[in-house]
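Residue numbers (my numbering), protein chains in the order written: chain A, 314 to 488; chain B, 18 to 183.
Hints are computed from structural coordinates only; laboratory data are not their basis. Treat the hints with care, as some may be off.
What the hints assert, rightly or not - Quick list of simulated restraints, FRET-style, between CB atoms:
#, chain 1, residue 1, chain 2, residue 2, range
1, A, Phe-409, B, Arg-51, 47 to 53 angstroms
2, A, Ala-360, B, Glu-100, 36 to 42 angstroms
3, B, Val-46, A, Glu-316, 31 to 37 angstroms
4, B, Thr-105, A, Ala-370, 24 to 30 angstroms
All values reported here derive from a predicted model rather than from experimental measurement. Backbone N, C-alpha and C define an ideal beta-carbon position, used for all residues, glycine too.
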Amino acid sequence: MIELYILLILMIIGAVLALEIKDLLSAVIITGAVGLCLSAAFLLLKAPDLAMTQLIAEIVLVIILVRATISSDSRVEQSKRNHGTFVCVLISLSLFLGASGYVIAKLPIFGKPLMRISRTYLSEALFQTTVSNAVAAITLDYRIFDTFVALVALFTGVIAIMALSGPKSNNSNKK
Amino acid sequence: MKNKPNQQIKSKTGIIDNDQAEQGMSIIVKTVTRLTVGVLFVYGINVALHGHIIPGGGFAGGAIIALSLLNLVLAFGKDAALEKLSQTWAIIFTTLGLLLFMVIGLFGSGNNSILESLFQDKGELLSLLMIGSIPLLNIAVCLQVGAGIFVIFIYLVSLKPEADKS
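Using the sequences and the accompanying hints, generate a full structural model.
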């Protein structure tokens, strides 16, 4: 359990560094390190599927951000911060933490009423679907409609980016 | 037009320009990418096909396949990746994955239900193919996610900020 806390502290330090550092490329790479620590934390919590997906999605995100950072001219952050923004962020953050603490105190104990369904899935999935990976059995058999809606959401994202980036002939004329 | 990238390689800030980044990175990155891109592609297919046996699945496999193409874009430029998989075919693959998912779901709709698993009770434990609809659904998800991330990245690369032009 101590490794998990070490990873959590590393992630908090990395997130603060990524916000505060001036060089944008270094900030992108620190963001990737935070994602790597999160993937290791998922692996410690015995969720290898989630760790794999998190690792790959983090790499895709870092590649996109590196490409966006290299192609832009200003690699060093130039905007100055004033104290009013800092005070506003502090007030809203304390409000958020107070409200979430109030909500978390009212939540039921972790896994107490929900384990009735998931225990059935975990015990019956191998015999009902003959698939040895229980996560694949749940996401593609019991909860297949969620996966379908996730795919539709990704497809909608593709269509939205195609529509927002304008006509295709506009790019080829510039070259 | 051919002299233009050579003049812009070293600007006054020493930062790589947009035209030079389009052509690719240094020779070290190009050599390493040439060695690893095929391994990445085959590993993505492996993860997607074994999604019902080992951790992974269609989403992770498709994202690895998209990563190999994204590496090509980063190292060699946009045109080298579009030679492997053109923009039209990527959009066709994205749509085809989603349609395949829907068709497999419709075939399983027997008992007043939709998106039900088809030939559910014919599977063999730990076999690769004859195990029901989950490998087919994994292949569909892999097609959709891999081509979808590639299309998004290609469109984001071709965007040029208008503030730099003026």
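Okay, B/Val-46 versus A/Glu-316 on CB: inside 31 to 37 angstroms? Since B/Val-46 and A/Glu-316 have Cβ atoms about 34 angstroms apart, the given range 31 to 37 angstroms holds.
Is 24 to 30 angstroms respected by the C-beta to C-beta distance linking B/Thr-105 and A/Ala-370? holds (26 angstroms)
Falls inside 36 to 42 angstroms, the C-beta gap from A/Ala-360 to B/Glu-100? holds (38 angstroms)
Per the hint of 47 to 53 angstroms, is the separation of the Cβ atoms of A/Phe-409 and B/Arg-51 within bounds? holds (48 angstroms)
When the structure is compared with the earlier hints, no violation turns up for any of them.
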